[in-house]
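**Student:** Given the structure of chain F, go ahead and fit chains D, A and S onto it with the hints provided.
Listed below are the residues making up each chain.
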Amino acid sequence: MSRFYRIVEAINELDKRWVFLVVGLAVVTATIFRLTFPEVPTEMVEAIYEKVENLPAGSRVVLPFDYDPGSEPELQPMADAFVRHCAEKGHKMYFIALWPLGQSMVAGVIDNVLREEYPDLVYGEDYVDLGFKAGNEGVIAVILTDLKKLYTTDSRGNAIDRIPMMQGISSIRGFDLILSVSAGYPGLKEWVQYGGTPGNIPVAGGCTAVQAPLLYPYYPDQLLGLMGGIKAAAEYEYLVMEGYPKFKERPTRYLTALIRMGPQTVAHLSIVFFIVLGNVTFQILRRRRRRMN
Amino acid sequence: MKRTIPLLITGIVGAVLVIAYFIPHPPFDSLREDFSIFFDIIAAVAFILGGGNLIKMHGNRVSRREEGWGYSLVTVVGFLVVLAIGLTKVGNPDGFRGSSVTAAGSLFDYAYQFVFRPCAATMFALLAFYVASASFRAFRAKNLEATILLLVAFTILIGRTFVGAWMTSWLPDSLHFLTIPYLAEKIMVVLNYAGNRAIMIGIALGIVSTSLKVIIGIDRSYLGSD
Amino acid sequence: MKRILALAIIGLILLVLIVRVAQGEMPNPFTDLEGFGIWFAALLTLAIISFLYDDNPVYKFAEHLFVGVSAAYWMVMGFWSTLVPNLFGKLAPGWTMSLFLSERAELTRDPLWFMYFVPLAFGVLLLLRLTPKGGHLSRWSLAFILGTTAGLRLIAFLTADFMGQIRGTLKSVSGYTPAAIAGGATSYSFETMFWDLIAVIAILAALSYFYFSKEHKGAFGRFARVGIWVLMVTFGAGFGYTVMGRIALLVGRIEFLLVEWLQVL
Amino acid sequence: MQPFGSVCPQHPGRRAGGLRSATAFVSGLILFVCLALPLGAQVPTTAGSAGVGLTPAGGVSPVRDLEAADTPSDRGESATVRWAPPREDTGAGGAVLGYAIQRAPQPEGPFETIGQASPGATRYDDTHVANGERYFYRVVTLSASGDVASPVAGPAIARAQWINTNQWNVFIVLVLLLGFNLYFIEHIRSGRKTFIRKIAGLEAVAEAVGRATEMGRPILFVPGIQDMNDIQTVAGVTILGHIGRTVAEYDSQLVVPTSRALVMTTARETVKEAYLSAGRPESYNEDNIYYVTDEQFGYVAGVNGYMVRNKPATCFYMGAFFAESLILAETGNSIGAIQVAGTAMPAQLPFFVAACDYTLIGEELFAASAYLSGEPKQLGSIKGQDIGKFVGMLSIILGVSILTLADLTGWEPLTRIAEFIQSFWSTELA
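Residue numbers (the numbering used here), protein chains in the order written: chain F, 1 to 293; chain D, 1 to 226; chain A, 1 to 265; chain S, 1 to 430.
Chain F extracted, bound-state conformation (with noise of 0.2 angstroms):
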């Protein structure tokens, strides 16, 4: 075997841990520079940006956060977007979670978010956190019925019906928007098939990328708009971006998705890399063993 033939053959078995060690360092390195790419809306991005921003001020806004720590970095960045849009546009939040995790994650953007950039925010009255119910898609159609029945008190131990922005409100039937972050099951599509659809609640949301696909099949008639991934927060952000200047000024702190998509891009090219080295030396060695056959 000639030396050429030895090393396509040793490139085509390559050991895992160079393809670990070549995406680590591509994702490093992006991490560290902080590169960044120019990003394009794309329509079902759009569409959410656009109900957000066109509901009258005080609209009653349910935001289910159905993640966990597993999937933060993939969720958190359009999570604490929806509600810096929503806290921007005065809309009233109710935050619901049909994971156990998904009680940690409201609040978190609860104080990271709320408390620190809209400190005249008031608990209670503009947002409030109703908290973690188990039974998973039953809860949705409780609460679509008789949301008492299942939360008497919200996540810090109140009673409902001592919370102002809860008065009067017996149902999340007439709410003006779904706008959910999920992880999985159960999450978007659940909130459309027992929430939205038979509510009547239009119903918008992100959720993982891989979920994604799986949740195409209800838009644009059960799901006013999708996004996948932290591709589509950065899409969001930068639509953000242009409707409310102010989150230029902090980049690192607003703009998170954006940042986080440079490593993605490069990492991506280090994958496509690989498939396209993997098929090569396959080729050669296969037309090789043909030949000497």
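Be aware that a few hints might be false.
What the hints assert, rightly or not - Stretch-level coverage of chain D by chain A, calculated; a stretch enters the list once three of its residues show a Cβ under 8 angstroms from a Cβ in chain A:
| no. | stretch |
| --- | --- |
| 1 | 45–52 |
| 2 | 109–116 |
| 3 | 176–188 |
| 4 | 192–203 |
Think of the hints as simulated: they come from the structure by calculation, not from any bench. We treat Cβ as the ideally placed atom computed from N, Cα and C, and that holds for glycine.
**Tutor:** For chains D, A and S alone, kept in the frame of chain F given last:
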């Protein structure tokens, strides 16, 4: 006898829950939700079996000084400590009867923030590497099916970056349908969606059959022996 | 030689870290709980990443700690978010409130509260496994669970996935788009028609692949083969589309290490 | 396992009673619904022609044909008000700003506003009513130039119904599918033969178990990370039972880490039974089926650790999987194990297909237990699924053709049929 009662329980509960879907009258209207909650309660009770098994297994390794018993000790100690601080809500700002168990400031939340969360997120992040190694190894044009898999994955991957748009931007408007963003979109919205639909329809039928077999007692290996 | 080199590199890294901590440029693990937590989390992160190279004692430690801590975590969550409100709270609201919840919770008695004896009973039966003779009684609980699962899932998948997906497929493939406003003009597009038609054929082809009781031969076999191609496109697309999310997770961890722990960015 | 071409020897002495009673149960259900259907309806009360406030003000008219009645097919405590919008209602942004729905205990009033509806709406559900009480409704058309009230409709008396007639289509589909399954289960039990095609992943099970035995290494079975309330886990555990039997016959070691305590319990019962029926109860070791943690990634960390340290020769992944699918499959690949996966999570199938040797795709996971059991009555359910698919495909072909034709010709009766087909498959509440 030992098998008849469980079979009856499964059959009756299953059939009633199916029928309850068509009965809006209380108490059937909420029966399906109630039974979901019942399941959660039984699952929560079952934690005793799971946790007990964990302690037994690792405890045995420690007491017998089996190979790697030190690691088992780590598991046992981690388990018992978090269980204790969680059940007693140590450090909870509002005390034992106060706010939720995950309240910031409690030791339980501390364990979550600095042990649970970094471990879970890092395990999940390993996927970035495995996706790369799996792509390198599996996406090879070995036969027609594998080539389709490879070409589609390649198109979508590159279509997710600005390079996709840039690579085919020189094509004239009349050949718009050959640009990578266009192809990527159609693959996702038309074919991916059609394939997933077919898979979901098949799954639903499989689930209907499997559920039926469970309800009428054909599928019952879980019931063990007489 | 290799060993000495490795030790030297580790030593150098440690030295840099110590200097940075001493100068207050990084969280100090010895002065406060928060700093210790960040250090511990960072080391656990590195320990798990080290698994990519090979199994090693550091990974083993992280793995065993994670298993113990997370098992207890979910047990505690099960207690506080399921057993307390949904079992104790239903069966004995007053007692539950005075023992576990603040006065603000205001639990009231459900009119059908006695139903909650059902899960209690089956829960207790399940625990009879632990006794030498009660093993077979625990199967009653399993039977109850299996019946519940079958009864709930049968209808849920029938409506949402079987009927829902067929309903979603039922669309005209004429290529005409109805007018957006009443009285407006309809529009025709060959492209729409083409892709709509492809979608329907693709679904039918993929469904025929799942046909078990007919041999995949002849015309049907060829159609089922097209179905396999559709599935391959579906999987290729699913795979390619997912990569992005996975990279995002890795970036999240790298940012934790660089920003919160090393504080270099 | 039995060969499949010749599957169906009759099992004499088995009770057929269970199946018969199930068939009887289904037909009884149909009868019950057919008889009860007419009882559920309540005639809506239309607004009297002599209404109040009929004067058009500033160009908008009151709503027409107002009806108020109990909301049908519900749990009670709800009344439905329906109306035809006035011609000035051109949707959002038009002259009509919306509607206020008003309610009173007597037709004379006093009326209070209980809710609002947006322009274009034709229905409002009042969910704050008590069962058995009489309520009267009117709808006020809101406009910038002044509001105008409709005549009063009522009384509406809310009550709970016993039958949800909105779901008649679901009921028909349910009865059909269950009927196909039961029919073919019975059909094949009675000795008729049926063809079942080969499923590569399942053909490989015996080979994979044999390989592990030869190499003297354990077999790993992962039943997914969901609890027993996911039917995929149920399917996975059933397959575990069949694999357990093969393993017991080969006398190799089967290791099952689980992510849920209930799955551990069920898997233990199942595997114990498998060893017993293979005649080797003494080889069964309960400790090989153990609970790791409920946490998804904690579980993966544990299973990964097991894999690299004990190097199982064969790994089965059967059940509900999420992101961990690829972590497990790549680790399994790196230790050189034969890997057979099966899941009905569409999002994870691509990873299993890419990284495993064999993958049971979606429905194949559910067919697997019947296939592996080789029992005639189980195989009947596969045939039943196929007929269900056939009906689905036929509906798609017919439905799409009729819809397209209706669209192209614009022929009224065809359009109606098309709409009916669409509404038949639609499960949204009316």
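**Student:** To test your reading of the hints: which numbers does this structure violate?
**Tutor:** Violated hints: none at all, because every hint is consistent with the structure.
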